[in-house]
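**Student:** Quick note, the sequences are listed as chains A and B, same order.
Going from the first sequence to our numbering is simple: count from 1 and add 325.
Going from the second sequence to our numbering is simple: count from 1 and add 152.
Keep in mind that the hints were calculated from the coordinates and are not lab data.
Heads up, some of the hints might be wrong.
Claimed, not checked - Derived, one-sided and incomplete: chain A residues facing chain B with beta-carbon distance under 7 Å:
#1 L438
#2 G439
#3 R733
Claimed, not checked - Derived lysine to aspartate or glutamate pairs resembling DMTMM-like cross-links, with alpha carbons at most 20 Å apart:
#4 B:K352 x B:D370
#5 B:K696 x A:E624
#6 B:K696 x A:D405
#7 B:K683 x A:D397
#8 B:K683 x A:D405
#9 B:K352 x B:E191
#10 B:K330 x B:D251
#11 B:K696 x B:D706
#12 B:K334 x B:E296
Said to hold, decoys possible - Only part of the chain A face toward chain B is listed, based on derived beta-carbon distances under 7 Å:
#13 G372
#14 L375
#15 Y376
#16 I378
#17 S394
#18 D397
#19 A398
#20 G669
#21 D688
From the three backbone atoms N, C-alpha and C, an ideal C-beta is built for every residue, glycine too.
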Amino acid sequence: MAAVPVVLGQRSGVLRVGGPVPQAPPGSPDVHPFRSTHGHHVLVADGSRLYDIDEALHTELAALIADGSAADALRGRLQDLGLASSDHIGQGAPAQVVDVRYASLAVAQSCNLGCTYCYADGGDFGGTPAMMPLDVAYATVDRLLADADPGGRIGLAFIGGEPLLNRRVIGDTVAYAAERAEACGVEVTFSITTNATLLTAADVDLFDEHGFAVTVSIDGLGEVHDALRPTRSGEGTWDRIMARVQPMLARQGRMQVSARASITPANTAIRTAVAELLGMGFHSVGVAPVLRSPNGSGELDPAQLDVLLAELKATTVDFRAALDAGQSYRFSNITSALQMIHRGTHRPYPCGAGGAYLGVGADGSAAACHRFVGDDEGAMGSVDAGWDHAARAGWAADRHVDRQEPCRSCWARYLCGGGCHHEVIGRGRTSCDFIRAWLEHCLATYVEVANAHPRWFA
Amino acid sequence: MNGFIQPRNLTARAAHQVVGNPTSTRMESGVANCFPGLEWDIRELDRRFFPGLVFQFVQTPLYPVPGILPAQQGAKLAWLDSLEDPALPFTSDEPWVRDLLATLEQNIGQINHLSQGRWYLDSFEQYGTTFVMADEHGTPYEGEMVWRMIRGIQPNEPLTIRIQQRSDAGTGEPIGDKVTLKGFRRQFLDPDGVVDHSFKAGELTMSMCNPWSHDFRDCACHYWASNHPDVVLGPAEATLDDGQPADPTDAAVKLDWIRRDRSPGGRVASAATITENRPFQIDHYEMNARWEELPFVLEGREIGAVYSPPERAQAVGATLEALQTRLRTELAPLEFTLALQYLYAMFSVRTPAEVDAERWPDLPGDVAAIRQFVMLVAVSEMQHLRWANRLLWELDQHLDPNAVYQPVLHHTSTLWKGEAAELAPLTPETVQRFVEIERPGGQIDTAYAQAVSTLKARPDLGHLYDLAIRIDTDGNEHYSRFSDIGRILAAYPSGVDAPYLRSVELGTAETAAAALTPFHTLVERLTDAYKLEASGDEAPAQRKIDEARTAMLDVQSAADDLAARGIGVPFWTD
Numbered sequence: 326m327a328a329v330p331v332v333l334g335q336r337s338g339v340l341r342v343g344g345p346v347p348q349a350p351p352g353s354p355d356v357h358p359f360r361s362t363h364g365h366h367v368l369v370a371d372g373s374r375l376y377d378i379d380e381a382l383h384t385e386l387a388a389l390i391a392d393g394s395a396a397d398a399l400r401g402r403l404q405d406l407g408l409a410s411s412d413h414i415g416q417g418a419p420a421q422v423v424d425v426r427y428a429s430l431a432v433a434q435s436c437n438l439g440c441t442y443c444y445a446d447g448g449d450f451g452g453t454p455a456m457m458p459l460d461v462a463y464a465t466v467d468r469l470l471a472d473a474d475p476g477g478r479i480g481l482a483f484i485g486g487e488p489l490l491n492r493r494v495i496g497d498t499v500a501y502a503a504e505r506a507e508a509c510g511v512e513v514t515f516s517i518t519t520n521a522t523l524l525t526a527a528d529v530d531l532f533d534e535h536g537f538a539v540t541v542s543i544d545g546l547g548e549v550h551d552a553l554r555p556t557r558s559g560e561g562t563w564d565r566i567m568a569r570v571q572p573m574l575a576r577q578g579r580m581q582v583s584a585r586a587s588i589t590p591a592n593t594a595i596r597t598a599v600a601e602l603l604g605m606g607f608h609s610v611g612v613a614p615v616l617r618s619p620n621g622s623g624e625l626d627p628a629q630l631d632v633l634l635a636e637l638k639a640t641t642v643d644f645r646a647a648l649d650a651g652q653s654y655r656f657s658n659i660t661s662a663l664q665m666i667h668r669g670t671h672r673p674y675p676c677g678a679g680g681a682y683l684g685v686g687a688d689g690s691a692a693a694c695h696r697f698v699g700d701d702e703g704a705m706g707s708v709d710a711g712w713d714h715a716a717r718a719g720w721a722a723d724r725h726v727d728r729q730e731p732c733r734s735c736w737a738r739y740l741c742g743g744g745c746h747h748e749v750i751g752r753g754r755t756s757c758d759f760i761r762a763w764l765e766h767c768l769a770t771y772v773e774v775a776n777a778h779p780r781w782f783a
Numbered sequence: 153m154n155g156f157i158q159p160r161n162l163t164a165r166a167a168h169q170v171v172g173n174p175t176s177t178r179m180e181s182g183v184a185n186c187f188p189g190l191e192w193d194i195r196e197l198d199r200r201f202f203p204g205l206v207f208q209f210v211q212t213p214l215y216p217v218p219g220i221l222p223a224q225q226g227a228k229l230a231w232l233d234s235l236e237d238p239a240l241p242f243t244s245d246e247p248w249v250r251d252l253l254a255t256l257e258q259n260i261g262q263i264n265h266l267s268q269g270r271w272y273l274d275s276f277e278q279y280g281t282t283f284v285m286a287d288e289h290g291t292p293y294e295g296e297m298v299w300r301m302i303r304g305i306q307p308n309e310p311l312t313i314r315i316q317q318r319s320d321a322g323t324g325e326p327i328g329d330k331v332t333l334k335g336f337r338r339q340f341l342d343p344d345g346v347v348d349h350s351f352k353a354g355e356l357t358m359s360m361c362n363p364w365s366h367d368f369r370d371c372a373c374h375y376w377a378s379n380h381p382d383v384v385l386g387p388a389e390a391t392l393d394d395g396q397p398a399d400p401t402d403a404a405v406k407l408d409w410i411r412r413d414r415s416p417g418g419r420v421a422s423a424a425t426i427t428e429n430r431p432f433q434i435d436h437y438e439m440n441a442r443w444e445e446l447p448f449v450l451e452g453r454e455i456g457a458v459y460s461p462p463e464r465a466q467a468v469g470a471t472l473e474a475l476q477t478r479l480r481t482e483l484a485p486l487e488f489t490l491a492l493q494y495l496y497a498m499f500s501v502r503t504p505a506e507v508d509a510e511r512w513p514d515l516p517g518d519v520a521a522i523r524q525f526v527m528l529v530a531v532s533e534m535q536h537l538r539w540a541n542r543l544l545w546e547l548d549q550h551l552d553p554n555a556v557y558q559p560v561l562h563h564t565s566t567l568w569k570g571e572a573a574e575l576a577p578l579t580p581e582t583v584q585r586f587v588e589i590e591r592p593g594g595q596i597d598t599a600y601a602q603a604v605s606t607l608k609a610r611p612d613l614g615h616l617y618d619l620a621i622r623i624d625t626d627g628n629e630h631y632s633r634f635s636d637i638g639r640i641l642a643a644y645p646s647g648v649d650a651p652y653l654r655s656v657e658l659g660t661a662e663t664a665a666a667a668l669t670p671f672h673t674l675v676e677r678l679t680d681a682y683k684l685e686a687s688g689d690e691a692p693a694q695r696k697i698d699e700a701r702t703a704m705l706d707v708q709s710a711a712d713d714l715a716a717r718g719i720g721v722p723f724w725t726d
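Working from the sequences, and respecting the hints, build out all of it.
**Tutor:** Spelled out as C-alpha cells, the structure:
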C-alpha cells in the first residue's frame, strides 16, 4: 500500500496535511512473543499480560503469527492455553465521560526563548501573545472543584509559553486553589513546566511550600542546549538556567524537580546528558522525540529515530548498572515503562487528554490538552460556558485506539495508547516502528530487572 | 500439547486460573480481603510471620484493671512451634533452618529463656534496615502498630528478628539479653493460593467476634451461594439395604438451610421467597449461639453426622493397548449410548405447561427440575464421549504414530451384564436402571477407575490422566442426580397414570425424520471434527463443532415436538 500523505481530522472531518500512515504493523494484534536473557515470553495485548513460556510454545506461536491466514487458529490456541480472557478494554467508547480532574493553565501564551520546534509556535500558539487574567484561572479552579467529591483530588499545571512571565497569576491562583480546595475537603496538586530562565528565589519558595512537581525544559548540555534553546536574540541560556536551577535542586523535598528534553536531530546523543543531569540532582530525567512542530523544524525522521533508539538502549544500560550497584537512576522513560509493564497497564488512550485532563488557554477556552490550545481540532468548551461534554464524548469515541489505523492490528496498542493525539492528528503515525522497538526492549528489560531486582517493583 | 506457561506481571497473575478448586474457594478471593474480619481475620496470618514462633498482637486495654501486668502491648511471643512448623523440618539441610533450630533449642532449655516469662518482638531487620518496635522514648508500640510494620516485611527474603523479655514489675522494662533469630518471613500462601500448612484449623477465624454465618445471615443466595446455601435437601438418615432412603419423599423436600425448627417435624418445604421464609429462620443472635447446628452441605444435601463418600472402585492398571481397545470397543460406544438413552428419557417427561398443576401443585417445578437434571447428565455424557475419543486418538498416536484414528460415534447394543441398551421413557424403573448404571462401583465407574490407574503410572501422559480423572469423578454426580430424580418421582403415581410422563412410543425412521435428519448431520459433523482435532487442525475442527452444536439444537427441538405428539425418536434400530 502506498504511503498516504494526508490524515483525516477525526472529529471535524477536515483534511489536514500530515505524514505517511504506516503500513499494517507486523505480527498479531493479540500476542507478541519475545525473548529475554531469561528465556521466552509472550505479551498478551488484552490486559497487557506477560507470561513466561518455553521455546516450543514460542516457536509455535511465532509460526501461527507468521502465517497470516492462521488468525483463527491462533485465537483458538490462545483459548486452549488459557490465555484468552474476557476483554480488559471495551471496544466502544466509555459509557460515561469521566469528570475533569486536571487542567493545565496556559498562563502566558508568550515566551522569552526562540526554540524553532516548539509545539506552541514560539509560545503564542500561532496567535497573538496573551497573558491569562486572574479571573480565568480562578474560574478554572472553581470548575474543577465543582466536580470534585470531598476526599478527591484535582491538579493544576502551569504551562506556557513560559509561565513565569505571568508569575503573579500563578502565585494568586495557587493561594486561591489551596484555600478553596481545603474548604471543599479536596486535595490539590500543582505542577509547572518552565524554561527556568526567569526563575527567582520567591518562585522556588512557592514551589516548595506547595509541593510542586517542577519540570525544567533542558535539551542538552551546555552548547547543545544553547543552540536549541536560545533567547529570541540568539543568546545561549544554559549558564543562566543552571545558576537559577541549582539552588532549587538543593531544596527538593516536598517539591520535586525533573528535567525533560525534546529530542531533535541535533541532540539525539542523550546518554551523557541524562547521566549528567541526574548527577546534578534532578529527581528524574526524561526525553521525548519531536515528531511534530508547527513548521517541521526539528522533527526526527526514521533514521534519526533509530539513532535515538540506540541511545535510549544505551541509557538503559546505565540504569541497569545503577540498580546492580544498589543506586537509583531515574531515567523516567525506562522507569515508567517498567512500572507500567509490571502493573500490566492497558489503556485505550495515550494520555488523559480530553478525558480527566483539559488544557485551558489564556482566554479561557478549553482544549483537549495544552498542545491543542487555540486549535479548533481539540476545542472542548470554556471555563465560562463549561466543558463541552459532547465534544469530549465524541473525542473519547473517535480517539479510542481500537478505532485507529493501523493501531487496532498492532500488539503494542494498549501499551502505547495510539500515540500523542496532537502529533498523530497533525502528522500521522510516523514513529510506530520506533515505539514498538522501544517497547520490545522494555519488555525484555522488565523480565531481566524483575528477576535481578524484584524489590524494585515493590 | 500444552506448553509451559507461567504468569509474570500483575495482570497476568490476576487472570491466571489455577486448575482445581473454583476461584471462589481461594483465599485471595475471600470476602475478607475487602472486609477484614468477615470469614477470617487477616491478622492471624502474621502471627506466624517468623518460622517456629507464634506471636500475639496485644493492645493496651482501654480500661485497664488495676494491678495487671505492665507493658503488655506489642507482638508477644505466644508460644514456640518449632517442632510442628513444616518450614523447619529437623532433617533439613538448609543452613538457616539448622542454625535457627539450634538457636531455639539452645534458648529453650535455659532458665529465663524462651520457655519462661514474657517475650516480645524487640526489632526486625531486613535489607539492612532495622525497625524497632518502640518509640524514641522506648515505649513499646501497640500491637496493631507492630502488626502493620510486620505486614511490610517481604516474604522469602532474609530476615533477622530480635526478641526480648519484659519485666513483670515496675513499668515492664526490658530485661536480660536479646535473642537474635535469623530466617525468612513465611510465605503465607503457596503459588496456588493455598494457606501454609503451619496454620491450624480454626486459627484464621479464632479472633472473630461472630461466626461468619452470622455476618452472612441476610446475604441469602444472592451473594455467597458457595458457602451459604439457600435451600438444601435434608439428610437422608434412614436408608434401605441398597443405600436408598427409606422415606424418599421426605428426602426430596427442599428445606431452608437456616430454619429455626431443626427437629424432624420441622422439615417442611421452604417457601418460595426470602420474605416468606424469614419468620421461620434463626435470627442473628441465635446464629451466634447455634451456628454449630447448621450442618455442612455436600452435593446439595445436609450431612447429618459423618459424611461417607461413595465407595470407589478399586482397580488395577492395565496396559495402554488394553485401555485403547476398551475405549474403542466399550467405553466410547457406551458414552454415546447413554447420552441418547438419557435424552430419550428426558423427552418423555412433560414440560411444566403440560402437567395438571391444579391437581399436582408442585409438579410444574418438579418436572422442570427433572428435565434439567436429566439434560445435565446427558450433556455431561456427550462431553465424556468427546473425552473418550480424545483419550483414544492420543493413545493411538502414542502407540503408533502412523495410526489413523477413527472416531467412535456409534451405539452399543449391550450395556452391562448382557442388559440390552434400550430407549425408554423415564419411568421409576428406568430411573432405577440409570442409578445402577451410574452407581459408584458399577460398570462405568470400574472401567474408568481402571483407566485412571493405567494412566497414573504414566507421568508422560499426565494430561490424559487428568482427563480420565474428570470423567471418573463426574460419575458420582450422575449417580446423585438420578437418585434425586427417583426421590422426586416417588411422590407421584407411576405406570399409565404417571402425571409427569408423556405417552411416548418408539417411532419409525419416517415418523421421526424431523429429528433423525439433524441427528445424522450431528454425527457426521462430530466425526469430521474429531478427525480434524486429532490431526491438529483446530480451527476447521472448531467450525465442525459449531455446526454439530447447531444440529444438536435442531435435534433437541424436533425430538421434543415429536415426543409431545407421542413419537419417540429411534436413535438406533437394532
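**Student:** Give me the numbers of the hints this structure contradicts, sorted from smallest to largest.
**Tutor:** 1, 2, 3, 4, 5, 12, 17, 21
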